[in-house]
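Chains as they are written, first to last, in our numbering: chain A, 32 to 821; chain B, 293 to 405; chain C, 664 to 851.
Hints are supplied without guarantee of correctness; some may be wrong.
Partial chain B-side listing against chain C, Cβ under 10 Å, derived [to be verified]:
(1) 333
(2) 336
(3) 359
(4) 403
The set of hints was computed from the structure by calculation and includes no laboratory data. All values derive from a computational prediction rather than experimental measurement. Every residue gets a Cβ at the ideal spot worked out from N, C-alpha and C, and that includes glycine.
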Amino acid sequence: MGSIPYSGGWLTPPGIDAPLVWLLLFPLLGALATAVLGSLSARRFSGRVAPALAVAAMLATLATALVIFFTDVLPAGERERIFRQPLFPLFAMGGIRVSFGLVMDPLSTVMVLLVTALGTLIHLYAAFYMEGDQGRPRFFAFLNLFVFSMLLLVLADGFVPLFFGWEAVGACSYFLIGFWYRRAAAADAATKAFVVNRVGDAALLVGISMLLWGMGGVEMMTGSAAGQLGTVLTRTGPMVETGEGLQPTPGRQKVPVGPTLDFHELRDQLRLEMLPRAGVTTNPISGATVDAAHDVHFRPGAYLLNRKRVGHMPFLFVVCALLLLGAAGKSAQLPLFAWLPDAMAGPTPVSALIHAATLVTAGVYLLARLSFLFALSQGALTLVAVIGTLTALVGATAALVQNDLKRVLAYSTVSQLGYMFVALGAGAAGAGVFHVVTHGFFKACLFLAAGLIVHVVAATTPGVEERPDLAQDLRQMGGLAPALPATRWAYFAACAALAGLPFASGFFSKDLILTALATCDRLSISTPLLLAALGVTSFLTSLYAFRSYYLIFFGRPPRDRAHAAHPAGHRGSGEAVMTAVVVLLALGAIAVGPLLGWPGNWSGSHGESGLLRFLGPMFQGDWPRRDTPQTSAAVEWGMQLGGALVAFLGWAVARALYRDAEATAPARRRLAERYAFVERLFATGWQADRAYHLLAVAPVRALSRAAVWLDRALVDRAVNAVAALGLRLGWLAGLFDKHAVDGVVGGVSEAALAAGRRGARLQNGRINSYVLGIAAGIAALVVLAYFLGS
Amino acid sequence: MTAALAAAPALASIGLGHFLVLSAVMFTLGLITAATRRSAVAILMGVELILNAAALNFVAFSHFSRGAITGQVFAVFVVVLAAAEATVALAIVLAVFRGFRTVDVTDVSTLKG
Amino acid sequence: MPGVETFVFYGLAALIVAGAAGVAFSRNILHAAFLLLLTLSGTAGLYFFLGADFVGVAQILIYVGGILVLLLFAVLLTNRIGDVRMSNRNVGYGSAIPVTLLVAAFLVTAMAMAAWPHTTPVAAPTTARLGDAFLREYLLPFELVSLVLLMALVGAMVVARRAVRDRGDADEGALPVAPASSSVGGSP
Numbered sequence: 032m033g034s035i036p037y038s039g040g041w042l043t044p045p046g047i048d049a050p051l052v053w054l055l056l057f058p059l060l061g062a063l064a065t066a067v068l069g070s071l072s073a074r075r076f077s078g079r080v081a082p083a084l085a086v087a088a089m090l091a092t093l094a095t096a097l098v099i100f101f102t103d104v105l106p107a108g109e110r111e112r113i114f115r116q117p118l119f120p121l122f123a124m125g126g127i128r129v130s131f132g133l134v135m136d137p138l139s140t141v142m143v144l145l146v147t148a149l150g151t152l153i154h155l156y157a158a159f160y161m162e163g164d165q166g167r168p169r170f171f172a173f174l175n176l177f178v179f180s181m182l183l184l185v186l187a188d189g190f191v192p193l194f195f196g197w198e199a200v201g202a203c204s205y206f207l208i209g210f211w212y213r214r215a216a217a218a219d220a221a222t223k224a225f226v227v228n229r230v231g232d233a234a235l236l237v238g239i240s241m242l243l244w245g246m247g248g249v250e251m252m253t254g255s256a257a258g259q260l261g262t263v264l265t266r267t268g269p270m271v272e273t274g275e276g277l278q279p280t281p282g283r284q285k286v287p288v289g290p291t292l293d294f295h296e297l298r299d300q301l302r303l304e305m306l307p308r309a310g311v312t313t314n315p316i317s318g319a320t321v322d323a324a325h326d327v328h329f330r331p332g333a334y335l336l337n338r339k340r341v342g343h344m345p346f347l348f349v350v351c352a353l354l355l356l357g358a359a360g361k362s363a364q365l366p367l368f369a370w371l372p373d374a375m376a377g378p379t380p381v382s383a384l385i386h387a388a389t390l391v392t393a394g395v396y397l398l399a400r401l402s403f404l405f406a407l408s409q410g411a412l413t414l415v416a417v418i419g420t421l422t423a424l425v426g427a428t429a430a431l432v433q434n435d436l437k438r439v440l441a442y443s444t445v446s447q448l449g450y451m452f453v454a455l456g457a458g459a460a461g462a463g464v465f466h467v468v469t470h471g472f473f474k475a476c477l478f479l480a481a482g483l484i485v486h487v488v489a490a491t492t493p494g495v496e497e498r499p500d501l502a503q504d505l506r507q508m509g510g511l512a513p514a515l516p517a518t519r520w521a522y523f524a525a526c527a528a529l530a531g532l533p534f535a536s537g538f539f540s541k542d543l544i545l546t547a548l549a550t551c552d553r554l555s556i557s558t559p560l561l562l563a564a565l566g567v568t569s570f571l572t573s574l575y576a577f578r579s580y581y582l583i584f585f586g587r588p589p590r591d592r593a594h595a596a597h598p599a600g601h602r603g604s605g606e607a608v609m610t611a612v613v614v615l616l617a618l619g620a621i622a623v624g625p626l627l628g629w630p631g632n633w634s635g636s637h638g639e640s641g642l643l644r645f646l647g648p649m650f651q652g653d654w655p656r657r658d659t660p661q662t663s664a665a666v667e668w669g670m671q672l673g674g675a676l677v678a679f680l681g682w683a684v685a686r687a688l689y690r691d692a693e694a695t696a697p698a699r700r701r702l703a704e705r706y707a708f709v710e711r712l713f714a715t716g717w718q719a720d721r722a723y724h725l726l727a728v729a730p731v732r733a734l735s736r737a738a739v740w741l742d743r744a745l746v747d748r749a750v751n752a753v754a755a756l757g758l759r760l761g762w763l764a765g766l767f768d769k770h771a772v773d774g775v776v777g778g779v780s781e782a783a784l785a786a787g788r789r790g791a792r793l794q795n796g797r798i799n800s801y802v803l804g805i806a807a808g809i810a811a812l813v814v815l816a817y818f819l820g821s
Numbered sequence: 293m294t295a296a297l298a299a300a301p302a303l304a305s306i307g308l309g310h311f312l313v314l315s316a317v318m319f320t321l322g323l324i325t326a327a328t329r330r331s332a333v334a335i336l337m338g339v340e341l342i343l344n345a346a347a348l349n350f351v352a353f354s355h356f357s358r359g360a361i362t363g364q365v366f367a368v369f370v371v372v373l374a375a376a377e378a379t380v381a382l383a384i385v386l387a388v389f390r391g392f393r394t395v396d397v398t399d400v401s402t403l404k405g
Numbered sequence: 664m665p666g667v668e669t670f671v672f673y674g675l676a677a678l679i680v681a682g683a684a685g686v687a688f689s690r691n692i693l694h695a696a697f698l699l700l701l702t703l704s705g706t707a708g709l710y711f712f713l714g715a716d717f718v719g720v721a722q723i724l725i726y727v728g729g730i731l732v733l734l735l736f737a738v739l740l741t742n743r744i745g746d747v748r749m750s751n752r753n754v755g756y757g758s759a760i761p762v763t764l765l766v767a768a769f770l771v772t773a774m775a776m777a778a779w780p781h782t783t784p785v786a787a788p789t790t791a792r793l794g795d796a797f798l799r800e801y802l803l804p805f806e807l808v809s810l811v812l813l814m815a816l817v818g819a820m821v822v823a824r825r826a827v828r829d830r831g832d833a834d835e836g837a838l839p840v841a842p843a844s845s846s847v848g849g850s851p
């Protein structure tokens, strides 16, 4: 791999304390209050106490986030937006001190705002959507708990709190997917999600442990090399971006050295390698002048990590691959994506919040957090990009042929997450996070709109009670535009954002990603190949998005639908609020893009604007910029044009095929028959489930059958033998008891009786025997006296 | 008669031992009677035999100890007391006979032994 | 040549033993009673032989004349008259014989092993001396014996009298118990 050139960097300044814990406490207390008070008052106020409490908690959290953002984060200088709140120490082992703390830096700020904003809106929607459901206290408690977990995840200052939040969101996802636990499909889907997540979590844990070990963790923990832990004094202060590039500031700085689980510390240590350029002077431990190349006592993290190897693979690559696998489990990437389509068995607000906007972005967040680590390993970056591309492609192809509306959206999420991973692989973590934000808005909008649509279809389609899935079937929809006007336009706007039509926010974020990929020269695979694949994916994305749009709102409704017009009784304040939320999200889907990510080539400035500028300090210095402003602008224009073209193309094809679905039905049927195999391949997500079954489920089942056989043949036999032995012994004991013991006891009593009988014969009432007795006694006495006397 | 007998020469060949043996034999037979006979009256007879043997012993001792008369005194007592005892015993026997209609000792027992 | 005493002794002894054996082993209880008479008479004879004339006479008067008659009355009253066979079976020889033999054995052994004083007996009438003894050394026992006789008399009457509630009994009444004369010790 060779040495990695850095164009500069700076060390993390110490943070400022902020009351971050309230961001966690509000949803947590909300969850408790909802669970307790909601259940207690479930029968009063039509059970609206639970949703009310939950929404209130979310509003409080959102308010807190906004307050912290506007009063602390924004006013701070660009490089000082790091706010820590250490909570409590966990344990100390040797030289490692593990503690639980929160940090609010630009990346976590963005995530916090996204989660709280979308969370509040979706809570509001859910309050009306779940009207009448008996399990509302449970639902809203878990929803709040989920928000708490997600905030913990994004606010974590190190691997430990992150992992807590990681696991917690997985658990909440399980509870919420399986909310209607009486449905077998929901329970199975929840279990599947959890188990697949588990695989990722295991990889994550192994990755973290290996990282710790690779940084010299074992030596530090056993204390033999504890003396090597310490701080290093730098000759100058942090590097700052000036007109001439990165320059060191005057002053000195202390950097802690040694294995750590804290993100910022880790980042600093991994960049200590360039400290010689920043001027490291004295190692306070050895007292000698430091020369990084030769001083064996002083081991910067990256130096360490690059030195080790696992088998034939570089250590760093293995660690990053494991972390990637963990992220893939959570973010539904290849190969761990098949749980997401099934997770649609949960209520629609759950799908919107968890499986579109927040939980599934946790993997992206993790990789963004650790982008400095991935930046050190070219192989890892390539892997990330490739997996992202493939996932995007597979997801798009699958979304194209689904008949269930929610499954279309689920596969769409998989595909869009692939885009985010591509961004991370291309070294544009900021672009990836931007796409997280835009995707959050338009996908949530799509899901919530789907909720409204399904509601209407369910109300007017017969046979829905036996098969609830029928309401989500695209083939049962059609001609709903008159019934749901506002929803229709919101859906259109979100589809435009998804497809990447110009001026919709998806356009901006996707464009940034593609540009980053195009300008990336760090990957081991040819970027044009990936770009081509992503281009096809974008086409398919636009196609399936508008397919669903036209199938839902246009055309004639199916023959057996009661009537197209919305039954009068359904309109209520609930539906108005829900529609308002959907429209709001649609507006956000349109507006967020331009607001946050106005492209540089449009404004003519080389620097980034909006979100990327905000996030800049997080990733600066990790990634060398080698391209010139001119080439970058050219590429950007190219990507934008290409993206717009592809999006329009997809729209046009979809319009042609599906606007008048009945007319094109025969042609489509012929096409489907011709490519039935392809359709089946796409529809099953490229047979992912069967692959799981073959690779994991079948072996485990075989193993368990073997274990059962073993148990029956050996263990049961052994146990039965022991039991039989016990029985035999018992029988023996019984025998002994019956004959010996009873014999003795009986014999004793018999003897006593016999003796008694014999003795009784003395008292036979016959004088003769009495006389004899007297005589015998006298005789005995005399004999005795004789013998005693003689 | 007494004087005639008294004038006889000393009974040198009949010693004390003979009388003792004789009384022992009488005692034994009386014991057998008391121990084996079924009739209560027969048992009484046996008892009389025993008493008789004892009295004979007394008298024999008295005879063969120089000038002692104690033996004969006791013999007289024995006889008298035997009489008293026989009286009472036979009264009892009669009472028993009235109750049980038999004097068979094996039948007059209400003990279960 | 054994003297007359020997013959007399052994003759009397034979009578005694025969009678005793008869009492012990006779089948017929009436026979047993009469054989007892024989034994008692023989004993009386031995008393006379031993010079205890008063004792001998007392024996005949009381034992034979009183007790034996009483026994005969008892025998006859308590057995069915017509039944000649008057069962007198013996039982329990098995346990009686060993004990009895044992007793006999030790008696004989004791007597044989003892060194009896071998004194020449004095033949003299003893009645006077007996009377003397009764009224001198043995006065108390003498009186007590008469008391005993009284008690026996009363007791016999009490025991033998008919119970008030007796039903269907043969009217036997109280057997008149004829004790021997209360004054055994007569005047010289």
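Quiz item: Holds or violated: residue 333(B) as interface residue toward chain C, Cβ cutoff 10 Å?
Solution: Constraint on residue 333(B) satisfied, holds at 5 Å.
Quiz prompt | Interface hint status, residue 359(B) versus chain C (Cβ within 10 Å) | solution = Since the shortest Cβ distance to chain C is 7 Å, the answer is holds.
Quiz item: Does the nearest C-beta of chain C fall within a distance shorter than 10 Å of the C-beta of residue 336(B)?
Solution: Holds: closest Cβ of chain C sits about 7 Å from residue 336(B), inside 10 Å.
Practice problem: Classify the hint on residue 403(B) as holds or violated, based on whether any CB of chain C lies nearer than 10 Å to its CB. | Solution: Violated, because the Cβ-Cβ distance from residue 403(B) to chain C comes to roughly 16 Å (cut-off 10 Å).
Against the hints set out earlier in the document, a violation occurs for number 4 only.
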